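Can you make the complete structure from the sequences, with help from the hints?
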Amino acid sequence: MNLVDQINQAWNWLTTSAHWSGADGIPHRLLEHLGYSVLALAIAALIALPLGALIGHTGRGGFVVVSFANLARAVPTLGLLLLVVTITSIGLTPVIIPLIALAMPPILVNTFEGIRGVDADIKDAAKGMGMRGPGVLMKAEIPIAMPLILLGLRTAAIQVVATATIAAYAGIGGLGRYIVDGLSRKDYPSVVGGSVLVVLLAVAVQLLFIGIRRTFVSQGLRGSSRTS
Amino acid sequence: MTPLADGEPLVRWSWIGDHTDELTTLTLHHLKLALLPILFGLIIAIPLGIMCVRWRWLYPPTLGIANIFYGLPSLALFMLFIPYFGIGSGGQADFTIILPLTLFSLSVLVPNVVDGLRSVPDPVRQAATAMGFGTLRRLVQVELPIAVPVVIAGARVAAVASISLVSVGVLIGNGGLGQLFIDGYSRDFTTPIIVSCVLIVVLALVSDGVLVTAQRLLTPWARTRRSNG
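In order, the protein sequences belong to chains A and B. Residue numbering for the first sequence follows my numbering, beginning at 713 and increasing consecutively. Residue numbering for the second sequence follows my numbering, beginning at 414 and increasing consecutively.
Take these hints with a grain of salt, some might be off.
Taking lysine to any residue and the SDA-like style, the derived pairs with C-alpha atoms no more than 20 Å apart in a straight line are [claimed, not checked]:
(1) A:898 with B:586
(2) A:898 with B:506
(3) A:835 with A:825
(4) A:898 with B:499
(5) A:898 with B:497
(6) B:445 with B:614
(7) A:898 with B:500
(8) A:898 with B:496
These stretches of chain A come out as covered by chain B in the derived footprint (C-beta under 8 Å, 3 or more residues) [what the hints assert, rightly or not]:
(9) 737–751
(10) 778–785
(11) 912–923
To be clear, the hints were calculated from the coordinates, so they are not data collected in a lab. The model shown is predicted, which means the values in this text are computed figures rather than measured ones. Note that CB positions come from ideal geometry on N, CA and C, so glycine has one too.
Structure follows, in C-alpha cells:
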C-alpha cells in the first residue's frame, strides 16, 4: 500500500454518506472533539494568562514558574489520561485534566516572556503619562506582548486539538473514536480518515489564529514579532 | 466510583524492585526511539537551514511544511508509516516511530537553525571574509559556532517533546516506557503508569541537562565573556 492508496482510502471513507450521520457520524464526533478542546483550552487560559501576566509584570517567581512549566511539558499526556481514568473512572475529567496540563505551559511561558520582554523605556513612558501598575499592564505591556501571547495560545490550541483524540480512551468520543476503533477493528481507512479530520482541524486552528492576529495585534507591531 | 481495589496504594514500591530488568530495557529502548529522531533531525536540519539562509525563497515553503508537521497529531503521523515499516517493537518496526518523530523534530529544528544563522552579526561575517575565509570555512568556523545556542535551544524543545511523544506509540504496540501505561490501565494498577511517567520526566530532564552541557562545551567564549564582566 502506498501513499496514493492511503489518500484514496481516506477519501472514500470521508465521502461515504453513512459516515456523516448519527451518533458515530462525523458532525457529532467533530462537535464532541471541539467541545473538549475548547473547554480545556479555556480553563488553561483562565489560569495561565493571568498568572503569566502577573509574574511577567512583577518579574518575581519567573524562573521557578518557567522551569516548572518546561518540566510539565515532559509529562506524557496519554500516561496522565490513563492514570486519571484508573484512579477515577471514564468520563470528562480524565480527558480535560491532561489537556489542561498540555495547554498551560505554552500559554504561561509565552505570556510571561512577552510581558517581561517589554522595553523598560516603554514602561517608563507609560508611568510618565500617569499610569499605575494595572494601567501599565493593560494598556502597554499586554498589547505589546500580544503577538507572543497569541503564539502561546496557538501552540496550545494546536496541541490540544491534536491530542484530544485520546478522549476515545476515556470512552467519551471525539474524532479519536475513528482512530481507536479503526485500530482495534483493523479498519485502516477509518484510521486514516479520522487522522485526516484531526489534521484538517489543526490547519483550521492555524487559520483561525491568523485571523485573530490580524484583529487583536496593534498595527504598529504586526510583522515585527517573527523577525527576531 | 473508584476502580482501585481497597487498600491498594497509588504506588506499590515493591513492584519497582521486582521489575528493574524490564524497566531498564524499556528505558533504553525509549531513549533510542526518542533521541535517534533528534540526531536524524539535526543531520537534516543543519544543511537544510543553511540552504534556506543562502536561497531565501526556499525558506517560506519549508517553514509552511514544517508548521503542518507540527500540527499533526503524533498518532496520525505514526499511522502513516505503518504500511511501510509495520507494527510492533524492535527492528524495522521501530522506524514507524522514529521517522515521524524525525519529521516532528524538523518542524522545530529547521526554524531554529535558520534563526541561529541569521543571528550572526554582519560585521563578524565581514571580518571573517577580510581575514581570507572562504564561504565554506566561514560557515564551519564562524557562522555555525555562533548559531549553536539557538540550534541547541531548538534541540532541547524537540528532545523533551520527542521523549514525551514516544509513549503515544504504545497505541500501535511500540511506546518504550509507554508500554507500562497500557499494562497498568488494563489491570487497574496505577504503579506502572506512575513509574513510567516519572521515568519519562526524568529522561527529559537528563537529556535537557546533557544538551545544556553540550552548549557550554561548544561555546566556551560565552563563559569567558560572563566571567570578564
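message: Need the list of violated hint numbers for this structure, in ascending order.
response: 9
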